[in-house]
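Asks: Spelled out from the first residue to the last, the chains are:
Number of protein chains: 2
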Amino acid sequence: MATPTVSVGDFLSNTNRFQIIESTLREGEQFANAFFDREAKIKIATALSDFGVEYIELTSPAASPQSREDCEAICKLGLKNADNLYNVRCNMEDAKLACDTGVDGVDVVIGTSKQLREHSHGKDMDYIKKTALEVIAYIKSRGVEVRFSSEDSFRSDLVDLLDLYRAVDRAGVNRVGVADTVGCATPRQVYDLVRTLRGVVGCDIETHFHNDTMCAVANAHAALEAGATHIDTSVLGIGERNGITPLGGLLARMIVGSHDYVTSRYKLHKLLALEDLVADHVQINIPFNNPVTGFCAFSHKAGIHSKAILNSPSTYEIIDPADFGMSRYVHFASRLTGWNAIKSRVEQLGLTMTDDQIKEVTQKIKALADIRPLAVDDADAIIRSYHLELQS
Amino acid sequence: MATPTVSVGDFLSNTNRFQIIESTLREGEQFANAFFDREAKIKIATALSDFGVEYIELTSPAASPQSREDCEAICKLGLKNADNLYNVRCNMEDAKLACDTGVDGVDVVIGTSKQLREHSHGKDMDYIKKTALEVIAYIKSRGVEVRFSSEDSFRSDLVDLLDLYRAVDRAGVNRVGVADTVGCATPRQVYDLVRTLRGVVGCDIETHFHNDTMCAVANAHAALEAGATHIDTSVLGIGERNGITPLGGLLARMIVGSHDYVTSRYKLHKLLALEDLVADHVQINIPFNNPVTGFCAFSHKAGIHSKAILNSPSTYEIIDPADFGMSRYVHFASRLTGWNAIKSRVEQLGLTMTDDQIKEVTQKIKALADIRPLAVDDADAIIRSYHLELQS
Chain F
1 MATPTVSVGD FLSNTNRFQI IESTLREGEQ FANAFFDREA KIKIATALSD FGVEYIELTS
61 PAASPQSRED CEAICKLGLK NADNLYNVRC NMEDAKLACD TGVDGVDVVI GTSKQLREHS
121 HGKDMDYIKK TALEVIAYIK SRGVEVRFSS EDSFRSDLVD LLDLYRAVDR AGVNRVGVAD
181 TVGCATPRQV YDLVRTLRGV VGCDIETHFH NDTMCAVANA HAALEAGATH IDTSVLGIGE
241 RNGITPLGGL LARMIVGSHD YVTSRYKLHK LLALEDLVAD HVQINIPFNN PVTGFCAFSH
301 KAGIHSKAIL NSPSTYEIID PADFGMSRYV HFASRLTGWN AIKSRVEQLG LTMTDDQIKE
361 VTQKIKALAD IRPLAVDDAD AIIRSYHLEL QS
Chain X
1 MATPTVSVGD FLSNTNRFQI IESTLREGEQ FANAFFDREA KIKIATALSD FGVEYIELTS
61 PAASPQSRED CEAICKLGLK NADNLYNVRC NMEDAKLACD TGVDGVDVVI GTSKQLREHS
121 HGKDMDYIKK TALEVIAYIK SRGVEVRFSS EDSFRSDLVD LLDLYRAVDR AGVNRVGVAD
181 TVGCATPRQV YDLVRTLRGV VGCDIETHFH NDTMCAVANA HAALEAGATH IDTSVLGIGE
241 RNGITPLGGL LARMIVGSHD YVTSRYKLHK LLALEDLVAD HVQINIPFNN PVTGFCAFSH
301 KAGIHSKAIL NSPSTYEIID PADFGMSRYV HFASRLTGWN AIKSRVEQLG LTMTDDQIKE
361 VTQKIKALAD IRPLAVDDAD AIIRSYHLEL QS
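So the protein sequences, as listed, match chains F and X. Here the numbering used here is used: position 310 in the first sequence is 310, and no number is missing along the way. Here the numbering used here is used: position 173 in the second sequence is 173, and no number is missing along the way.
Keep in mind that the hints are not guaranteed to be accurate.
What the hints assert, rightly or not - Derived Cβ-Cβ restraints for the label pairs, each shown as a range: (1) Asn-16/X x Asp-260/F: 38 to 48 Å; (2) Ala-322/X x Asp-260/F: 19 to 29 Å; (3) Gly-9/X x Gly-199/F: 17 to 27 Å; (4) Lys-267/F x Tyr-261/X: 44 to 54 Å.
Claimed, not checked - Heads up, simulated PhoX-like pairs for lysine-lysine below, C-alpha to C-alpha not over 25 Å straight-line: (5) Lys-343/F x Lys-123/X; (6) Lys-359/X x Lys-96/F; (7) Lys-140/F x Lys-114/F; (8) Lys-359/X x Lys-123/F; (9) Lys-123/X x Lys-359/F.
These are computed hints drawn from the structure, not numbers from a lab. Here a beta-carbon is modelled for each residue, glycine too, at the ideal position from N, C-alpha and C.
Could you put together the complete structure from these sequences and hints?
Replies: So, in structure tokens, the structure goes:
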């Protein structure tokens, strides 16, 4: 039913063969409201693995003694579907600690923008490259998967960045990472950087997008079009500030162009329960406008929309709610309603009326809806009372 | 402080000279929870005009008698900053009714995709073109501004669409509109269609993006890069299903690349009050992760982030909260905290400690935060008690 995302064959595009690095237990732990004890971490990790994400990223064991013990406990779960990764600072001490806990892979990260080099760690690019190569060699020597990512990639010097990525690729990393740490990147910038990088490195490319300017999902899509292979997500997008690419939002985006890939790979019917689990733990409400699971994601109200949706859902829905175990709701109790929506409701109520009668009762409902908000049972009452009049 | 949005001169781009068509009182009225009585409409229209949007779009006066009277009441307000527009179906009757109410401009719309032509209005492209030209000629004869938009543009036949747009441009419309009615478009598709259209018509180009796949802000940005001139928004993005490009989200995106244009044109300090006004009327909570005004938009938690933010906010903030009258919050009461955040808090509390003492109390705070969630006053209590010990 959808327009294909890429209508002309595009050999760079990985929109139908991407993998998810789920970071609710790392990036999400940096969310203002997050406090995950071990029980919560185990529940969330298990639910993520059941959902079908390929990787689960955890807070560095170097963050605190409790973090370290939690990491070990989660690694011992032996989750069937997902591999565990740690996100660690680019230094030997953190890398050693990570490898000692039996993790599947280590995600090394260091800031490369002028802003972070000056005000965060104070190191120059030569130092960064030298340290990165040492840390990567060590992690590889331990037989552990390794990713190297720059931080704040989109405010880093392009030439320095490509030089660094080429060096770590030659050193044999499994993935390089591109991170829009401050949420400044636009889809065209993402496409350009990832496409350029695709020509420089042979390894996989992971991408990480913050959502400060609401582009995190679009940027992830643009990255895949340009040849990225892995996308970082968190449940409901929780993370530093207003977070990163949300898992549900990414899948809403990807299912439009890659329906079969997405439905075959992820247990989409479990999305709502997964979001509820995390929302409960961090004490937030699922936003009213959340993709797929928000209360109005599949609500239709204007008369012209309702009529067409009742004829054929593809008219005003690009996502089939049934793919996610959700259902649609066609509003009829409003001044914007049309008689087709009322007709559908009359049929749901098991009443029989002619089209002219339905048009007449629609006018009655619209007249009342002009004066005050109508609840569903208000409109039902009008329909029933009108139907009763018809009988007498 | 930001990387420019377009780093190489781009003659098509209107990212620093766009206008806003604010549709809270049209698209927003189609939101599941919306019921705006006249008093609410007048309050919202006045607040939007004070905020500085260039146009306010209203529900068609043909929707209901009350809608018509409300339209007339709002037109009579004579709002200083914003022009009023109606969104009407493409037929002579609706156009006449609209022109009769003293509106500044009429936005004509008709579905052009196969899906909408078959299941909504049942007309073919020849009929659409003929009717559009009649309606446009009529509205122009009344001396009223006119926009012609296709609906579901991204699932319409490209050649048919360009033929239609060329015809209405030659007929002298003020703007043509491109609408992603079902929320399927990606930024690259938007860029390509708008850039192609830019070469076909001489008039302004308005764009309208639904947010089903979370690309509505990114798509608006891509449209402006490709030469679009006007963006449709609603407050908090409310509209059919999960809505359209939100006003606040668009401005968060645009201020990154076009700081001076955005700050000179819109009263950004009034954004929060405007969102509160609309959220109250439609009974929703502002999403936790809403750009700029969400409770965590400027929250910083991880130790490495907090340290850098305290040194220089540009390290982890691409938007200056002060531009919107907001302030940042650096978390320190968590296991992810660093001693730099604690140092800042110690200073806020007016206490004196050496760096070594601060590092010691940081360890105490992290130890407790490992066991249970810490409120701000918990951490403060630890700091004060440690400070007291130092004195004795």
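Asks: Now tell me, hint by hint, if it's right for this structure.
Replies: These are the hints, each one checked on the structure:
1. Asn-16/X x Asp-260/F: 38 to 48 Å: holds (42 Å)
2. Ala-322/X x Asp-260/F: 19 to 29 Å: violated (48 Å)
3. Gly-9/X x Gly-199/F: 17 to 27 Å: holds (24 Å)
4. Lys-267/F x Tyr-261/X: 44 to 54 Å: holds (46 Å)
5. Lys-343/F x Lys-123/X: holds (23 Å)
6. Lys-359/X x Lys-96/F: With Cα atoms ~24 Å apart, Lys-359/X and Lys-96/F stay inside 25 Å; holds.
7. Lys-140/F x Lys-114/F: violated (29 Å)
8. Lys-359/X x Lys-123/F: holds (22 Å)
9. Lys-123/X x Lys-359/F: holds (22 Å)
In summary, the numbered hints that this structure violates are 2 and 7.
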